[in-house]
Amino acid sequence: MEGVFLIAALTSILSVFLICLFLFVNGIPGMAKIGVFNFLLGTEWAPTDSPASFGIFPMILGSLYVTAGAIIIGVSIGLFTAIFLAKFCPERIHRVLKPAVDILAGIPSVVYGFFGIVVMVPFVRNYFGGSGSSILTASVLLGIMILPTIIGVAESAIRAVPESYYEGALALGATHERGVFFAVLPAATSGIMAGVVLGIGRAIGETMAVILVAGNQARMPTGVLGGIRTLTANIVLEMGYAADLHREALIATGVVLFVFILMINLLFSLLKRRQAR
Amino acid sequence: MKQNRLQSINDNTWKQKWASYKRNPFSLLLFILVLFATSITILTMTFLVGYILIKGIPYVTPDIFSWNYTSENVSFMPAIVNTLILVIGALLLAAPLGIFAAIYLVEYAKRGNKLVSIVRVTAETLSGIPSIVFGLFGMLFFVTALHFGYSLLAGIFTVAIMILPLIMRTTEEALKSVPDIYREGSFGLGAGKLRTVSCIVLPAAVPGILAGIILSVGRVVGETAALVYTAGTVAEFPKGIFSSGRSLSVHMYALSREGLHTDQAYATAVMLLLMVLFINWFSTKMASKITRK
Chain A
-19 MEGVFLIAAL
-9 TSILSVFLIC
1 LFLFVNGIPG
11 MAKIGVFNFL
21 LGTEWAPTDS
31 PASFGIFPMI
41 LGSLYVTAGA
51 IIIGVSIGLF
61 TAIFLAKFCP
71 ERIHRVLKPA
81 VDILAGIPSV
91 VYGFFGIVVM
101 VPFVRNYFGG
111 SGSSILTASV
121 LLGIMILPTI
131 IGVAESAIRA
141 VPESYYEGAL
151 ALGATHERGV
161 FFAVLPAATS
171 GIMAGVVLGI
181 GRAIGETMAV
191 ILVAGNQARM
201 PTGVLGGIRT
211 LTANIVLEMG
221 YAADLHREAL
231 IATGVVLFVF
241 ILMINLLFSL
251 LKRRQAR
Chain B
10 MKQNRLQSIN
20 DNTWKQKWAS
30 YKRNPFSLLL
40 FILVLFATSI
50 TILTMTFLVG
60 YILIKGIPYV
70 TPDIFSWNYT
80 SENVSFMPAI
90 VNTLILVIGA
100 LLLAAPLGIF
110 AAIYLVEYAK
120 RGNKLVSIVR
130 VTAETLSGIP
140 SIVFGLFGML
150 FFVTALHFGY
160 SLLAGIFTVA
170 IMILPLIMRT
180 TEEALKSVPD
190 IYREGSFGLG
200 AGKLRTVSCI
210 VLPAAVPGIL
220 AGIILSVGRV
230 VGETAALVYT
240 AGTVAEFPKG
250 IFSSGRSLSV
260 HMYALSREGL
270 HTDQAYATAV
280 MLLLMVLFIN
290 WFSTKMASKI
300 TRK
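Taken in sequence, the protein lines are chains A and B. In terms of this note's numbering, the first sequence has 72 at position 92, counting the first letter as 1, and numbering is strictly consecutive. In terms of this note's numbering, the second sequence has 238 at position 229, counting the first letter as 1, and numbering is strictly consecutive.
Derived by calculation from the structure, the hints in this document are not laboratory data. Just so it is clear, CB atoms sit at the ideal spot from N, CA and C, and this is done for glycine as well. Any given hint could be a false lead.
As the list claims (entries may be wrong) - Which residues of chain B face chain A? A partial, calculated answer using Cβ under 8 Å:
{"id": "1", "residue": "Leu42"}
{"id": "2", "residue": "Ala46"}
{"id": "3", "residue": "Ile89"}
{"id": "4", "residue": "Phe109"}
{"id": "5", "residue": "Ile127"}
{"id": "6", "residue": "Val128"}
{"id": "7", "residue": "Thr131"}
{"id": "8", "residue": "Thr134"}
{"id": "9", "residue": "Ser140"}
{"id": "10", "residue": "Pro174"}
{"id": "11", "residue": "Gly199"}
{"id": "12", "residue": "Gly227"}
{"id": "13", "residue": "Phe287"}
{"id": "14", "residue": "Asn289"}
{"id": "15", "residue": "Thr293"}
Turn these sequences into a full structure, and let the hints guide you.
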């Protein structure tokens, strides 16, 4: 029976191996045909023109901008909420708030996207101008979506700091707030950073919600109220009808995304290890 | 939290707190910021859920539950059936694999085993991969290389890989939370390794394992990006496991993307939300069972 258990344990290794193999084997040749620099740094994406051009730089920038916006919003709100949950709220309130945050984590991304379409896009259109489908809208929506990730990781990082740090600060005459912010929080930095990195991974990989609110224009970003297309959106939008080199270019887009994610994962596990020490 | 009398000496009254804040305006500012951020989080959650439920429930009419999908009556019944097939299929594949893998990691592997750390790293990698990459892989491997075509089967395999790390991790934690005394007692009575694991440790870990499985059901129900190019987007009833069919989330995506059937999209959003809320509640209830022990 031990053999059966062992084989089951090996499936995750097999899966990762197969995913890497199939993505790279199908994506790299296309990238090579287009030329790695033309592909990564080309600013024009026009797969149906002749000659077609396959530059995904606008999409890389799109993903980065939207993720940066999401991190600014998600981390500032999420971190303070985590501090409240860990150090400010009595047990009774915590028992209500924690499940509420968990609900936020469980809502499917299409439902977020739908909420974005019916509430946020009209709001941005009416009060900020533009079409409403924009970097701003996508950033705020993604910021909300990564909140539970950041809150969860940051809260447990703060709770992992020994109580003596806080007590020491109080004994030196600090107020509760100063004790939490200047004695406990610095000690939790690497754990909080791990949460931020996890949030970046979530935001960069998010697809459906972003497609619905970001406008999806495949051009260089024109400002926070202009539309943008992310790497993930590019794959989903065009895979349905793509053929030949176009299809290979889309798979190569997936490879670029995958490499981004692998780097983020690596960073995350490094931070996790530092926190454990 | 239990508070004895000695501790309550340190409790401040509101008046004392206010006096301290007046002396330290910066602390007051920090306190306000913390309260402000928390209320934004909670208000966003209530507004999002409340808005969709209040605006959407009137659209949940008997029509939308009809068995036939037509372009006039955009019924989500076929999508619900497809979702159920996907959930059951993915669990049949991933639950035994994940549970067995966790049993190996916790009960059989020796400390400092090189293989164990590789399995851990790959499982962590898997759980960090975005669903669209799983979708691409599913399309390249199951749909194209294995010739499944756009089918529920390809979708099942794809989401099974997605939920595998989740089931593995929760099962591992559940197994670890079983006290060693159980194992020692069982060995002391002369039971072997396998009997100890299957008759003593596993039953004690069942609530935790179930909580993980329910969570992964939630992930499958909410999944879209991995299914569009594996299970496909056909809106009718599937003829079998080899025919294509859209899940409820994919249905929702198609409706919101077309923008023609906003009413039905609202109803679908309500359905998805209710399913996920129920799954969340159920999983928390299961998880609280182990912590109480």
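Going down the list of hints, with the structure as the test:
A cut of 8 Å between beta carbons decides the hint on leucine 42/B: the least distance to chain A is about 6 Å, and the hint holds. The interface hint given for alanine 46/B holds, since its Cβ lies 3 Å from the closest Cβ of chain A, which is under the 8 Å cut-off. For isoleucine 89/B, the interface hint is violated, since its Cβ never comes within 8 Å of a Cβ in chain A; the closest pair sits about 14 Å apart. Proximity of phenylalanine 109/B to chain A holds as hinted, the smallest CB-CB distance being about 3 Å (cut-off 8 Å).
Restraint check, isoleucine 127/B versus chain A: the minimum CB separation of about 6 Å is within 8 Å; hint holds. The restraint placing valine 128/B at the interface with chain A holds, with a minimum CB-CB distance near 5 Å, inside the 8 Å limit. Nearest Cβ of chain A to the Cβ of threonine 131/B: about 4 Å, under the 8 Å cut. The hint holds. Of the supplied interface hints, the one on threonine 134/B holds, with its beta-carbon coming within about 6 Å of a beta-carbon of chain A, less than 8 Å.
A cut of 8 Å between beta carbons decides the hint on serine 140/B: the least distance to chain A is about 7 Å, and the hint holds. Interface restraint check for proline 174/B: the shortest CB-CB distance to chain A comes to about 7 Å, inside 8 Å, so the restraint holds. With 8 Å as the threshold, the beta carbon of glycine 199/B stays out of range of chain A, its nearest partner Cβ sitting at about 18 Å, so the hint is violated. For the restraint placing glycine 227/B at the interface with chain A, the shortest Cβ-Cβ distance is roughly 6 Å, inside the 8 Å limit, so the hint holds.
With its C-beta approaching chain A no nearer than about 10 Å, phenylalanine 287/B sits outside the 8 Å limit, and its interface hint is violated. Interface restraint check for asparagine 289/B: the shortest CB-CB distance to chain A comes to about 5 Å, inside 8 Å, so the restraint holds. For the restraint placing threonine 293/B at the interface with chain A, the shortest Cβ-Cβ distance is roughly 6 Å, inside the 8 Å limit, so the hint holds.
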